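Visitor: Sequence:
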Amino acid sequence: MTELQPLDAGFIELEDADRHISLGIAAVAILAGEPPSRAEVTAMLADRAAANDRLRQRIRRAPLDLTAPVWELDPNFDLAHHLRWSALPEPADEPALCEFVAAELVERLDRDHPMWECIVIDHLAGGRWVVIIKAHHSLVDGVSGVTLFESFCDHNGAAGDRTSAERDGAAAGRKNPFGWVASGLRLPVDAPRYAVGMVRSLVPVLAGLISAPAPTSLNGPIGRQRRYVIARASLPEIREIGHGFDATVNDVVLAAVTSAYRAVLLGRGEQPTGNTMRILVPVSVRAADAKSTLDNRVSAVLSLLPLHLEDPVERLTAIHNRMARHKLSGAAQAEKSLLAVAGRLPFAPVAWSVRMWSHLPQRSVTAVATNIPGPRRTLTMLGRQVLELLPAIPIAMRLRTGIAILSYRDQLAFGITGDYDTTPDLEVIADGIHSAIAELLTAVRARNQ
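Residues in the sequence shown are numbered from 1 upward in steps of one, following UniProt numbering.
Please keep in mind that the hints were generated in silico from the structure rather than gathered at the bench.
All values derive from a computational prediction rather than experimental measurement.
Built from N, CA and C at the ideal position, the CB exists for glycine as well.
Certain hints may be false.
[Claimed, not checked] Here are the simulated distance ranges between beta carbons:
1) PRO95 x GLU310: 47 to 55 Å
2) ARG232 x ARG447: 19 to 27 Å
3) ARG377 x GLY220: 25 to 33 Å
4) PRO221 x ASN321: 30 to 38 Å
5) ARG376 x ALA287: 37 to 45 Å
6) GLY223 x ALA288: 21 to 29 Å
Sequences and hints are given; from them, build the entire structure.
Guide: Encoded structure:
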């Protein structure tokens, strides 16, 4: 048994605090041809689960949360708990698929068993079929979630396969119920090494959390049901825009997202300002050699989006400058250090603090947008080509929308999740992303003529 890291355990606490949310993350793969048989899929899943301990482990919590939850092997592990076969209503098109994904984002994963599942949809219009790999946020972040999906594809080692050295390292890190005492004794020695740089770097982050932006309809209580829509973009075109305006792919993506939210607010009769929307952008702090480890290794950047700027190029320039300042501030590394310190604290007060904080009506963050680098090569599963790979993320903490951006080959897919009752215009975000990228592409090509 190994303990959950503080961030992994935090997602369990967050889900427990709100009956309206489910914190499952999904990768939705659209594949070519006819689907394989149930026996073929079962055999593939059995092979991958045998190679990856985490896929056969469930979470066990301590009484009163006095110690951190641990991963333990499920004594009743059965693949039947993790494989479902389903169908879409005719005409089995993309809107029907989006409705299905939205419904899946509502359903909580069973904590009595390992918290992942594979859903096969045996028919999608156009001679295609679908596989959805869904896992709890305590098990994966964006990067490790993509790696998990890749592990179910052909010609890959299973994600999370661990060498004997890694297992030995995990065993060395196990703690007894009173292990926090030793950690607490070390804290006065370890903490000063982090303190000065961490405080300096976290000041902008903490200031952002304390100072709420102007209230809008984008932030507020959420219900249980969800909406889900998709936007698509050409990765070479995004790179062309970035190269032309000396910006990164992430800058261009955020500029498109900014334009989309501006369109939403204007459509709702609300006036966008420079203090209207603060977005949370997760930043991976995962080392290259930890890509296959199933856990969360992310920090975050908080940034106000320049919704008040009408010109798309001005918006892109403003975003590029702001993100560059965030990178120079070292906030991501400071938050990583903060998580390391949290891992040395007694678990009970940390868990209780997260639980209390999650009940507070946060108004500092308006939405989340996470950009995940995906596979560059073509994937196949049981001999069938993966045509598209679409991301789907949950929403929580009064965030009425969330956007996941995933690259696959030469395409960027934007998976947009919204609260059902408060985002009936969710398609406006998808349309706004398409329009913004077209505007920027026109601008960069006109500039280069």
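Visitor: For every hint, state whether the structure bears it out.
Guide: Okay, the hints, checked on the actual structure:
| no. | hint | verdict |
| --- | --- | --- |
| 1 | PRO95 x GLU310: 47 to 55 Å | violated (32 Å) |
| 2 | ARG232 x ARG447: 19 to 27 Å | holds (24 Å) |
| 3 | ARG377 x GLY220: 25 to 33 Å | violated (42 Å) |
| 4 | PRO221 x ASN321: 30 to 38 Å | holds (34 Å) |
| 5 | ARG376 x ALA287: 37 to 45 Å | violated (20 Å) |
| 6 | GLY223 x ALA288: 21 to 29 Å | violated (40 Å) |
Comparing the model with each numbered hint stated earlier shows that hints 1, 3, 5, 6 do not hold.
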